[in-house]
Amino acid sequence: MTDKRFDVRRLPAAATLAITCFVILYIPMVILVANSFNSGKVIGDWDGVSLRWYAAALQNDAFISAGITSLILASCAALVATTTATMAALATTRTRGFKGEGTIHLVLNEPLMVPEIVLAIALVIILAQVRQFTGYNGLGYLIIAHSAFCIPFAYMPIRARLEGMDLTLETAAADLYAGRFYTFRKVTLPLLAPGILAGFALAFVVSLDDVVISDFLKAPGQDTLPTYLMGQLRRNLTSEIYAISSLLLLISVLIVVGAWLLTRKKT
Amino acid sequence: MKIKLGLTTAIIAVSALPALAEGTLNIYNFGLYTPPDLIEKFEKTYDVDVTLTEYDSNETAIAKIDAGGHGFDIVVSSAAVVPIYIDKGLYLKSDPNTMENFKNVDPAWVDVFWDEGRSYTIPYVWGTTGVMVNTDVYSGDINTSDIFLNPPEELKGKINVVPAMSDVIDLAIYSVGGESCTTDKEVLKAARDKLVAAKPYWASIDYASFEKFVNEDLQASVFWSGASMRIREANSGFAYGYPKEGFPKWQDNVAILADAHNVENAKLFLNFLMDPENAAIVSDYTGYPNAIMGSEAFMSEKLLAAPEMTIPAEFEPEAHFQRTCPPKVQDLYARIWTDLTK
Amino acid sequence: MGRSSEDHARVADTRRRWALASPALAIITLFSILPLLVVVVYSFLSPGDFGGVHWKLSFEGWFSVLFERDIFDDTVSLSDAHLTILTRSVVLSLATTVITLFLGVPTAWFIATRPQKQRAFWLLLITIPFWTNLLVRTIAVQEMIRSDGVFNRIMLGLGLIDEPIQMMFTNFALLVGMAYVFLPLMVLPVYSAIERFDFRLAEAGYDLYASRLYCLRRVILPMVRPGVIAGSILVFIPSLGAYVTPRIMGGGKSMMLGNLIEMQFGQGRNWPLGAALSLTLTALVLVALIWYSRLTGGGSRRD
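Protein chains in written order, with this note's numbering: chain A, 6 to 272; chain B, 146 to 487; chain C, 6 to 308.
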């Protein structure tokens with residue numbers, strides 16, 4: 006009886022498959038990064054280790070400008086999405102139900118249901134008219150379009166945090182005749198901060214990840230890192246592509262590991 | 146506070162972007178078709194900031210420009226689609242024929258059917274669509290569309306076809322004895338069947354990057370003459386074939402758009418392109434002959450001697466200049482294309 | 006009197022809540038819902054000669070989603086090309102879901118059964134690819150299977166094959182690409198379902214002399230089920246609408262719905278057909294979502 010004790014936590018097949026899964030996930034990425042250090046001009050021919058492709062990328066104006074566009078776009082979109090999502094989360098939580106609650110939920114989740122390519126084409130059609138009408142062709146369109154599909158991602162963690170929050174502090178503050186706004190600023194907001202931060206990070210990464218919508222909507226000179234990469238992919242298959250990919254990978258790793266370390270400290 | 150700061154930065158960033166639109170020029174051209182050193186030279190000469198955006202096909206370009214609000218000043222379009230642009234009022238009548246350097250344009254390229262007397266466009270370069278083959282792998286006749294329509298054993302599975310709808314379908318139509326833009330459905334059906342039957346032997350229908358040929362991942366392709374030359378320079382095994390069954394000849398043109406924001410800079414650019422020295426830079430980079438007299442003096446010996454630059458006399462009768470097909474025929478082409486790429 | 010003031014308070018509360026939510030609602034309405042309505046309108050118009058639309062009512066776009074008139078004699082038949090692409094999209098998406106299930110569920114199980122302290126680390130390993138750009142991941146997997154890629158080099162090096170196997174631009178390449186790209190989407194929801202489970206239950210079941218199989222079926226499966234359903238939906242939906250991965254891995258030879266839609270707005274010059282295909286894709290996604298809410302809703306009722 007003793008040695009036959011069944012521990013569901015140790016299914017040997019599961020461990021094998023899990024390790025396989027991690028290997029499958031990481032080998033291509035490791036090879037991608039390794040390739041970025043190849044000094045050879047043509048992909049596939051290993052010529053020794055060098056940083057020449059990183060140097061080339063960093064001296065490439067188009068790449069730098071795409072990087073700046075990406076950062077501005079992701080920051081602004083995440084900011085708009087997080088601000089509006091926080092307000093929406095405050096509106097839809099801690100209620101016993103109100104008129105139109107279901108509609109609000111449906112609208113907030115709508116961007117998750119529409120395939121990216123469909124949204125991209127729909128926006129191309131409608132924004133062409135707007136652009137003609139207003140004559141404005143700046144980054145604003147991309148920022149709001151990105152905000153729209155980032156809102157559900159920012160909304161989720163903020164809402165979750167609000168729902169798990171203890172009401173007593175706020176009630177206490179209200180009892181002490183603190184104004185509604187004062188209570189919000191001094192009590193609710195600090196308590197909500199981790200949720201907002203998580204929402205912002207999520208929205209930022211989702212915006213940074215987008216290829217399709219940016220590629221369809223960008224005006225001249227508005228290439229983002231992913232759309233620039235997509236263009237390069239069709240033209241010059243030099244190792245610079247790997248260098249740029251590795252840099253993008255590094256950004257994600259930094260954000261994810263940063264968030265991981267932050268949350269770990271707390272617990 | 147942080148949010149306020151962020152918001153301010155955002156607003157400044159957003160409002161600053163369009164404000165840069167002083168001394169700028171937005172060019173919309175086919176991919177790998179604009180010499181970077183030419184752009185640099187123009188920027189330095191006129192203190193203008195050039196932004197280049199690239200597209201895949203004439204159709205994509207028309208769709209984007211026709212939709213409006215694109216922000217481009219200059220577009221490059223093939224002769225076959227120039228009349229569409231003009232009919233739709235998408236070009237600015239910029240009268241390049243009154244520009245200083247217009248005297249350099251070869252008279253043969255002035256009174257053309259797509260822009261009589263050149264009131265809208267100037268010639269860029271011209272070329273042909275044929276087949277490119279690695280002769281180290283296949284030693285048979287390469288001057289035939291059989292290379293991709295009825296491929297030899299050595300090339301099967303190593304062939305690419307560029308997704309240039311009209312060019313590919315025209316090549317197939319010529320191979321079954323028809324004419325471009327034909328309404329003869331028997332011919333169209335035969336061409337479609339031939340394409341569909343050949344598809345299993347193709348590796349891809351793609352704007353394959355040059356490196357795939359240089360590395361010999363792919364050994365043959367339906368390709369443009371100039372692009373083919375650039376690959377031959379990197380891998381001397383490759384050669385360009387002129388299909389004896391018939392092949393498209395085309396010419397690309399530069400025009401200013403009706404809703405351009407930087408018309409003056411665009412005019413400067415058109416005039417700049419008609420300078421023989423600059424036209425030679427274009428030919429050197431793209432591998433295609435231009436229509437500017439005196440530009441040969443600035444071209445390299447290597448370029449002038451390139452077999453891709455001149456159609457051999459024996460194949461000249463088989464070069465068919467590409468025209469605009471009527472919408473109904475275009476529709477049939479599009480359906481054949483869907484059948485092919487499904 | 007008191008009642009009406011309560012009503013007043015409720016109305017005021019509702020109004021305040023709507024006002025708070027309104028910026029988010031406005032952005033989504035203007036930049037996601039409204040454009041979609043325009044697509045609906047476009048699907049009922051006639052195609053313009055060279056892209057765009059004619060403002061003339063037509064059902065041709067919807068008709069062409071499934072049917073075609075023969076180039077020859079105008080007889081109507083099912084559109085072979087569109088059906089092939091539609092079937093490929095659905096079948097490949099299902100296959101992607103199955104592959105990710107096969108690898109993802111054991112992985113989630115593995116992570117959930119690690120000691121508390123290690124779990125965060127294993128989760129991090131899943132989160133990194135999850136948040137890495139899709140295009141970057143597609144490039145990474147392409148590097149593995151292209152003719153001159155890692156797989157072929159190893160096989161050639163080991164002498165197992167004489168010449169590289171051409172895998173790119175085939176259905177197989179599409180499948181490998183999508184499975185790789187969407188795998189992390191499966192692991193996370195399954196993990197969170199398992200994590201909530203009290204393993205003492207399964208042990209108790211086993212101690213009561215339940216057979217392993219019985220334990221697996223009656224205790225473990227019901228526990229994993231909600232996560233599996235959520236994960237499947239999270240993988241299936243983006244697979245169905247995939248555009249970037251099939252574009253790179255398919256090389257224009259094997260299209261998916263997303264690519265067919267894009268083509269109609271480019272070389273195909275048939276915007277109404279593109280619009281109708283877009284709505285078809287959206288409808289397929291909605292069907293999957295409704296199926297999902299039925300399944301999960303039904304589950305909770307049975308509980």
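It should be emphasised that the hints constitute simulated quantities derived from the structure, not laboratory data. Treat the hints with care, since some could be wrong.
[As the list claims (entries may be wrong)] Distance condition first, Cα-Cα at most 30 angstroms in a straight line; then the derived DSS-like pairs of lysine-lysine:
#1 B:233 with B:189
#2 C:122 with B:473
#3 B:344 with B:238
#4 C:122 with B:487
#5 B:412 with B:389
#6 B:344 with B:330
#7 B:301 with B:334
#8 C:122 with B:233
#9 B:334 with B:412
#10 C:122 with B:330
#11 B:301 with B:233
#12 B:487 with B:473
Indices of hints not satisfied (ascending):
1, 2, 3, 4, 5, 8, 9, 10 and 11
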